[in-house]
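Here the protein sequences line up with chains A and B, keeping their order.
Residue numbers 1 to 111, in our numbering, belong to the letters of the first sequence in order.
Residue numbers 1001 to 1136, in our numbering, belong to the letters of the second sequence in order.
Keep in mind that the hints are not guaranteed to be accurate.
[Stated by the list, open to error] Partial pick of chain B residues on the chain A-facing surface, computed with a CB cut under 7 Å:
1) Pro-1002
2) Ile-1003
3) Phe-1006
4) Phe-1010
5) Glu-1011
6) Ile-1034
7) Leu-1097
8) Leu-1109
9) Lys-1112
10) Glu-1116
11) Val-1117
12) Leu-1128
Calculated from the structure, these hints are not laboratory results.
Note that CB positions come from ideal geometry on N, CA and C, so glycine has one too.
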Amino acid sequence: MEITGQEFKHCDLFKVQGRVDSATAPEFSKVLEKANTDGHFKLIVDMSELEYMSSAGFRALLAAQRNCKRLNRGELVLVSVPERIREALELAGFTELFKIFNDPLEAVGSF
Amino acid sequence: MPISTFPARFEFLDEIRNFVAKVAHEGGFTEKAIYSLQLAADEAASNIIEHAYQGVANASLQITCDMQDDELIITMRDTGKPFDPSNVKQPNLKADLSKRQIGGLGVYLMRKLMDEVRYESNAKTGNLLTMTKRKG
Chain A
1 MEITGQEFKH CDLFKVQGRV DSATAPEFSK VLEKANTDGH FKLIVDMSEL
51 EYMSSAGFRA LLAAQRNCKR LNRGELVLVS VPERIREALE LAGFTELFKI
101 FNDPLEAVGS F
Chain B
1001 MPISTFPARF EFLDEIRNFV AKVAHEGGFT EKAIYSLQLA ADEAASNIIE
1051 HAYQGVANAS LQITCDMQDD ELIITMRDTG KPFDPSNVKQ PNLKADLSKR
1101 QIGGLGVYLM RKLMDEVRYE SNAKTGNLLT MTKRKG
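Just chain B, with the same shape it has in the complex (with noise of 0.2 Å):
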């Protein structure tokens, strides 16, 4: 399975995205799913640095992305503080330019772009974000 550790820091989101569109490309998924999970995989790892590291040095991201079937799964795991997307509420996408929330944008994109979305935290591993997409 294709696993990998990068440095928790967002010079390193071009890698990560690079990391998982070579699996998606693989696995057969059309340019524009692999937009999708270049983009989920993206938000995810952007919030893991924001708000579970929070500027935290030589912090790690541990990533995996692997084909199971015609499912791609990729996990994130962090040893950061817990941040679970379903915490965070869904912005509203009708209010006008002035009410028009800056945060969480990320998670609803990822809840979005990507099939399931799950959230563990754990005191003795760490956090593990879990996202599959079905392909087609």
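Only chain A is shown next, with the shape it has when bound in the complex (with noise of 0.2 Å):
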């Protein structure tokens, strides 16, 4: 898994690669953690270049929204979702929980 940010005017986009599971969802979770520390509520998180991701991302997913919508002070939304991870998404009902863009640009004018 690899993980680069980038910084807008109004929110911050993480790009994450490779695989999600176990092993890694700390790292995943320690990143959204992190911009949150900073003050940063406004998340897109694009997955075109994702391979997979299990349960262990979905609750990191799960965790930094709650912590993003607390308050009202913003939100963390997903990109380009690849259509396997789609799938599990919704069959895990998670889908609801996350608005789904197809577009980064799109998902930046969004905030």
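Hey, can you piece these two chains together into the complex? The hints should help.
Written out as structure tokens, the structure reads:
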């Protein structure tokens, strides 16, 4: 797993590549928590190059979404979710908890 | 029958998923089904590592993965504490964000992705998880 961050005026975009599972999810969580600690609560997770995500990754997303949405200070949204991962998110009932965009700029513009 | 023993550590989940994917691919499963099988195996192994072994050092996990007729059968054997997935409460998937449970999701996915999930615990031989998925 690899994560690269990009700051925009109103939000932060994180591109997560490779595989998020129980081994790598803690690092994924840490990056999202760090953004929150720095006072950034409008987050975009770009999944276009994500190959795999298990429920460990879903839990990291859920925890981050809770923290971002608290006090109406922001939101975490997803971009370019690969089909297989989207199916798993749907199965877990997670697609209702996150806005999903097809294009990173569309997501940036939503904030 | 393909059989392999892995250290019961999260860093080996990648290898466990590859092991299952290879057999499923040779067995003629679709890419979508192979992803499901990898996810189910990952969730099962993650639960064993986290709940059955709970950080025990040098623990291992024996996995078999085999095609029988049009079914793929995955078994996982461990010698940790009994962890019966059927005792895990199903998460409420309709709950709103604040009430959404963090636990139970892995077991829920295993059940949804596989056709059958069976668990046996034996004081002598340890715990045995058997998961089956039919082709097509």
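To see whether the hints hold, each was checked on the structure:
Nearest Cβ of chain A to the Cβ of Pro-1002(B): about 21 Å, over the 7 Å cut. The hint is violated. Annotation: interface hint on Ile-1003(B) violated; nearest CB of chain A at approximately 22 Å, more than 7 Å. Nearest Cβ of chain A to the Cβ of Phe-1006(B): about 12 Å, over the 7 Å cut. The hint is violated. Contact between Phe-1010(B) and chain A, as hinted, is supported at the beta carbon level, the nearest pair being about 4 Å apart and thus within 7 Å.
With 7 Å as the threshold, the beta carbon of Glu-1011(B) comes within range of chain A, its nearest partner Cβ sitting at about 5 Å, so the hint holds. Hint status for Ile-1034(B): violated, given a least beta-carbon distance of 9 Å to chain A, over 7 Å. Contact between Leu-1097(B) and chain A, as hinted, is supported at the beta carbon level, the nearest pair being about 6 Å apart and thus within 7 Å. For the restraint placing Leu-1109(B) at the interface with chain A, the shortest Cβ-Cβ distance is roughly 6 Å, inside the 7 Å limit, so the hint holds.
Interface restraint check: Lys-1112(B) against chain A, minimum CB-CB distance 5 Å, threshold 7 Å, status holds. Given hint, Glu-1116(B) at the interface with chain A, is violated; its Cβ is 17 Å from that chain's nearest Cβ, farther than 7 Å. Taken as an interface hint, Val-1117(B) does not check out: its beta carbon lies about 15 Å from the nearest beta carbon of chain A, beyond 7 Å. Of the supplied interface hints, the one on Leu-1128(B) is violated, with its beta-carbon coming no nearer than about 21 Å to a beta-carbon of chain A, more than 7 Å.
The structure does not agree with the numbered hints 1, 2, 3, 6, 10, 11 and 12 stated previously, though it agrees with the rest.
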